[in-house]
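Visitor: As you go down the protein sequences, you meet chains R and L in turn.
Sequential numbering from 152 applies to the first sequence in my numbering.
Sequential numbering from 1275 applies to the second sequence in my numbering.
Keep in mind that the hints were calculated from the coordinates and are not lab data.
As the structure is a computational prediction, the values presented were derived from the model and not from experiment.
Note that CB positions come from ideal geometry on N, CA and C, so glycine has one too.
Don't take each hint at face value.
As the list claims (entries may be wrong) - Per the computed footprint, the stretches of chain L lying under chain R, defined by three or more beta-carbons under 8 Å from a beta-carbon of chain R, are:
1) 1327-1333
2) 1353-1361
3) 1414-1422
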Amino acid sequence: VNDGELLDLVRQALESCDPPPPEIAAAGQAAYRWRTPPAAALAGLTRDRSTPMAGLRHGGAPRQLTFAGTGVLVEIEVTAHDRTREVTGLLRPAVAAGVRVRHAAGELAAETDPAGQFAVTGVPQGLVSLLFQLPGGQSVVTSWIRL
Amino acid sequence: MASVIPNEVTPVSAGTLVLRARAGDGAAWEALTARYSGMLWAIARSYRLCRADAADVVQLTWLRLIENLGALRDPERIGAWLAVTARREAVRAARGAAVRVEAEWNAIPDPATPPDEHVAARERLRTVMAAIQTLPQLCQQTLRLFAASLSYAEVAAALGIPLGSVGPARTRCLAALRKLLGGAA
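Just chain L, same shape as in the assembly:
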């Protein structure tokens, strides 16, 4: 049997997906939402919105893209455009929800069969999560966004800070986290 060769070996660029979606290709839109939903979630949550409000911000960001799909000047920069848009909507939502700032974290679920190494791994992640939460807000945001695989340009757009300060922030925040974790990391 010949092996199945995927139709598209190289990933389609984000700009190409935007142009295809603009032309009416629903599958391209689906690919865009699959590619960026995690990023939008990370941005919305990094502004300390509760999960329901964060989901709302993600949806509003997609609707903003739908509104502007035809007018978008630089489709290849769609990631940064989405990041800026999500930041604006998150800031606006945070203003409306003045008191709902406490993030509600899920308890880390128990694996179906928890052998000792799973228990240990879970404890380690809990420790990491607790440490992240004691960092200053900008560090929490920076680490969260890099963990969600945002590019430097997207992180700058999501935080509304100059591109040149993203790298130093990443270095400083990772160092702060490493110090907090001490031997645990």
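One chain only, chain R, in its complex shape:
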């Protein structure tokens, strides 16, 4: 067999033995709903004080994460409770803002107090992103992470 035919055999073997789960295409499509407002500032993960696995191994010690964007900082602490997560955090500069905790199955709403602090319980384990709606229409969104 030539290279092309051999590669075709590899393709057939993989398609039979390890096909992509049909749901990944649908999940990818659904990700479009999480488009951020054009004016949103993205805060990327800059620090992760423990891996999720280590957090679980060590009896659910809180995991601390920092996200930084232009002129904005988001610090959160995540505590694991079985299949849900409790997220407490701080938005800096401190401002009263709406918080939307976006996750695979939907979103949860919360608010920061004037000191920028917020807390959300019952966040499903999995991929999560926080969206802060600041006064004046600006928003800040954290990059997606696995909680």
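The hints should help you fit chain L onto chain R, whose structure is shown.
Guide: Just chain L, lined up with the frame of chain R:
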């Protein structure tokens, strides 16, 4: 009856789909996910993640694209961008899942009616799969990615190797597989 003429005879370029998705066209996003989900799956699995973790990496890669949709500098190179992103997420996930390295392959399903030629074809694919699994990791990855129809640039991005070494790797790994299969291929 006149035959139905498809709206778009030539495939829309990936860069065009990115620009349309950026402008709010959900169908363009759907087309992107349809075009690249298989590639992302192949990349995630080539880093020996279990199926659940691999699905997670694919989803995270789409979310990274959503985050960066407006900022993407070269939409036409979206395939390589996705490949690099999937590699980073796969490597990160593999670190978190230190012990879950064994790939769990599906048993090749029996066709509804298995005539002799189906049985023979199934056996042949099993043999090929078993042979692939005895190759060095880089060869397994390379063959898997080429089998998923990635371009050379995408394979280089997915593996984090120079573009110039992709071709030689492809040749060497196919030769190694052919040798393993002997008369079976």
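Visitor: Run every hint past the structure and note whether it holds.
Guide: Outcome of the hint check:
Check on the stretch 1327-1333 of chain L: 4 of its residues sit with their Cβ under 8 Å from a Cβ of chain R, so the three-residue criterion for coverage holds. Under the rule that three or more residues need a Cβ within less than 8 Å of chain R, the assignment of the stretch 1353-1361 of chain L is violated, with 0 such residues. Look at the stretch 1414-1422 of chain L against chain R: 5 of its residues bring a Cβ nearer than 8 Å to a Cβ of that chain, three or more, so the hint holds.
Violated hint for the displayed structure: number 2, the only one.
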